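Chain order of the listed sequences is A and B.
When we follow our numbering, the leftmost residue of the first sequence carries the number 1, and every step to the right adds one.
When we follow our numbering, the leftmost residue of the second sequence carries the number 1, and every step to the right adds one.
Each hint should be verified, as a subset may be incorrect.
[Stated by the list, open to error] To give a feel for the contact side, a few chain A residues facing chain B, derived at Cβ under 10 Å: (1) L7; (2) P14; (3) A15; (4) T24; (5) L28; (6) G41; (7) I57; (8) A81; (9) T93; (10) S99.
[Claimed, not checked] Lysine to aspartate or glutamate pairs mimicking EDC-like chemistry, simulated, CA-CA at most 20 Å apart: (11) B/K42 to A/E39; (12) B/K42 to B/D83; (13) A/K42 to B/D83.
The set of hints was computed from the structure by calculation and includes no laboratory data.
Predicted, not measured: the structure shown is a model, and the values here were computed from it.
Backbone N, C-alpha and C define an ideal beta-carbon position, used for all residues, glycine too.
Number of protein chains: 2
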Amino acid sequence: MAKLTTLYGHPSDPAAFEEHYANTHAPLVENIPNLRQFEAGKIIATPDGSEPPYYWIADLYFESVEQLQSGMGSSEGQAAAEDLQNFATGGATLFISES
Amino acid sequence: MAKLTTLYGHPSDPAAFEEHYANTHAPLVENIPNLRQFEAGKIIATPDGSEPPYYWIADLYFESVEQLQSGMGSSEGQAAAEDLQNFATGGATLFISES
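Next comes chain A alone, as it looks inside the complex (with noise of 0.2 Å):
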């Protein structure tokens, strides 16, 4: 299983990124080939009571990192990643991890 994490950092107007988030940037992201599993949340805390230091978190999941690289390289998954300059305002991390 291979899995592509996003970590949004704080946006700058957290009502327009959720808007936005739902309404644009998940459908493209359901779009995009060999997606197996997509989930998505706000952070809303850390265990020692701290800021938590991102907003958001995603993770795509795929079969295997061959299978996201293909999905991620096509049409859609360029369009779904071109899609984070329009709301990504906190900034985004980004890795893919395998298990």
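Please arrange chain B on chain A, whose structure you already have, making use of the hints.
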């Protein structure tokens, strides 16, 4: 659904980290009450080819934030949390998300 994510920084001895994770830490996690699902894996790449900012990611899933808090507050949850100091030589960033 509530998820506790742990992002581990690059350890000083990756082989020792992985050995401890597999043989000591993962069994402690699997003992946590209310735990619904447990995923862990190595971060192998970033989409832009830069150095991954973390070494390892783990996600612990619970039915709700209340179930997460109760599980992590138990003696088994505390044992897993206290074990971090035994192997997380690159530090650990923890946060809770809800979706």
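Subject >> Structure versus earlier hints, numbers of those that do not hold, lowest first >> reply: Checked against the structure, the hints that fail are numbers 2, 3, 4, 5, 13, while the rest are satisfied.
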